[in-house]
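Put together the whole structure using the sequences plus the hints.
Chains A and B supply the protein sequences, listed in that same order. Counting from 1, one number per residue, gives the positions in the first sequence under full-length UniProt numbering. Counting from 1, one number per residue, gives the positions in the second sequence under full-length UniProt numbering.
Among the hints, a few may not be true.
To be verified - Part of the chain A face toward chain B, derived, beta carbon under 10 Å:
| id | residue |
| --- | --- |
| 1 | M66 |
| 2 | A69 |
| 3 | G70 |
| 4 | A95 |
| 5 | P145 |
| 6 | A350 |
What the hints contain is simulated information worked out from the structure, not anything from laboratory work. Everything numeric in this text was worked out from a predicted model, so none of it was measured. Every residue gets a Cβ at the ideal spot worked out from N, C-alpha and C, and that includes glycine.
There are 2 protein chains.
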Amino acid sequence: MPAATSAAAPAAHAPRPCGEFDLIRRYFLPSAPPAPSGGGVELGIGDDAALLAPQPGMLLAVSSDMLVAGRHFFEDADPAALGHKALAVNLSDLAAMGAQPLAFTLALALPQADHAWLAAFSQGLLALAGGHGCPLVGGDTTRGPLNVCITIFGQTPRGQALTRAGARAGDDIWISGSLGAARLALHALQGRITLPPATLAAARQRLERPAPRVALGLALRGVARSAIDLSDGLAGDLPHVLQASSQAAGQPLGAELDEQALIGLTAPWAQEAQEEQEAQPACGKSALDAAARLQAALAGGDDYELLFTAAPGARQAVLAAAAAAQTPVTRAGRVTRAEAAAPASIFLRAASGALRPLPAEARGFDHFAA
Amino acid sequence: MPAATSAAAPAAHAPRPCGEFDLIRRYFLPSAPPAPSGGGVELGIGDDAALLAPQPGMLLAVSSDMLVAGRHFFEDADPAALGHKALAVNLSDLAAMGAQPLAFTLALALPQADHAWLAAFSQGLLALAGGHGCPLVGGDTTRGPLNVCITIFGQTPRGQALTRAGARAGDDIWISGSLGAARLALHALQGRITLPPATLAAARQRLERPAPRVALGLALRGVARSAIDLSDGLAGDLPHVLQASSQAAGQPLGAELDEQALIGLTAPWAQEAQEEQEAQPACGKSALDAAARLQAALAGGDDYELLFTAAPGARQAVLAAAAAAQTPVTRAGRVTRAEAAAPASIFLRAASGALRPLPAEARGFDHFAA
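If you want it as structure tokens, here you go:
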């Protein structure tokens, strides 16, 4: 790791009551899950680099995500939930490639060595890692504004990765699980809406402890033609698939999304909230009408569901993969030939059959938008 | 990438004059070096994950480093130099494993999208990447306090990686290049010492644009028994080799370092400074006496030289490897059997033959020391 050049450098000559290597040893090594049997990890934490051994014929899938306090999570976020989420968003990227998790590295900047925080953070991180057989193999810790950067490694057979570029005109568009709950929780925590308590608790769980769709991604190898995970919202992420696939196919592609299917994707939380609200009529209903549910489905960030496309002839195979992964999936539209580039080529089809362009306010989040 | 939960989230609905994907496209794609022929990179920037293909029989070496403004570099650091250094410290980790660079990911938090800064940063980063055939394959950009996190990937034949754990009693200790110049520059920039202008310029080059010893690391495969790169200073990093090797060997290992050899490792800058000072006697001399040069060799962070050990019978092979890599190496001590664990088992041997323990003030830097 790099040496420090801070004006605080005289710390170099102080005793080390709890130094960098102690931090890693104390919080991240003892409870780290062992490498999965069958391997992948030849050398873990503690050397200049970790050594990974993908199985013969496998490609290594690599993804990095950086989470910044005040931007991706509240400054006072529960550290166990943050540990979970930091790894979950990376596992979600592997899921979207159809890659089997192998290992990850963690680079962590902390304002100070806060032991209670580190214990909770590492617990949340390593519990999810253990559940996916994905050990921590290296990284870096340093003092600085709170910042969590995870790079994850997975493997996928050559030619079977689920890229963004494989969609073709006529493909069905599928979405896993449900949409909008994380957005609902965020808006409630920001004080923009009011939710009944049980609904808020469930939605907050989706915001803070998303469950990456790794099993579904693996089951979709050889079935789906393209995939992406929904981190910035359906309306923000679908254009990435259409743009990459248009380039690969040599023709502009668009999409038609089924409004009723999208509203149905919010049903798990919307129905629960409806029941709770009817029992407690003092709470507002603004989050629950059809227009609000459609907007939540389109613009909800942080869902970490998979959006994938597959040929219409593969519908039975998609449903079998979903059943094998114990993950519900919904057919929510189709890929079309288009005149224009995405997102202008994305349309919503109402129950009446009428088509309208994707509303501009549905667009996803961009971290450097003005 | 993760969605943002900031109170500034309404930016999601604003137009995107220079969004996240534009930033990557504009600054990091056009001048990115192509993947080296013979491959390694099957899919680069733009999907949920990159896909790497290590050659058959190769292990993948993985290392992450996080650089924080105000900690590892000055807030107003030259962005081109920062881009260079952020990758150089990661390449240095690969060098210390004897691994051939394949690719890297970049996660970057920036206070704002500063175009001049990004243009210079990416130029410095990609120029070094191109020189090592090591393309950028993915990553993340977000708004936040300036933070640069790079994860690098290399490959090394199974069984030939230069780990920290391979040193044995009786091994020679070797060090590449020269030591202490980066520390000298840091102290001058902090106003703690005064340097003649040409010496400062040369030392500053070592601090800001270190040259990772990748070629030497590759040439030492099958020759060296252990290696580490010197980022926190010889006195801070040598104990890592001794501790890992003691554990592997099942016996406590120590080291004797040759004071004259260590002082000699500072010769490139010390002699130049001496000559410049004699021409300009107004400048101070404190940085140049033997004790100060020894301290600089022991405690100088940010050198990014390789420390490696090899059997005495391998001296000719070491020199041949160094010649092939066009990198000078110095034999600076030997690994010993010890009673205690490192760093207490590290001694300095004076020209007279007298042994003394490594001075406490020579220890390296720890990012969480009190």
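We went through each hint and held it up to the structure:
1. M66: holds, 4 Å
2. A69: holds, 8 Å
3. G70: For A:G70, the interface hint holds, since the closest Cβ of chain B sits about 6 Å away, which is under 10 Å.
4. A95: Result: holds, 8 Å to nearest chain B Cβ.
5. P145: Status holds, d = 4 Å.
6. A350: The hint is violated - A:A350 has no Cβ within 10 Å of chain B, the shortest such distance being about 23 Å.
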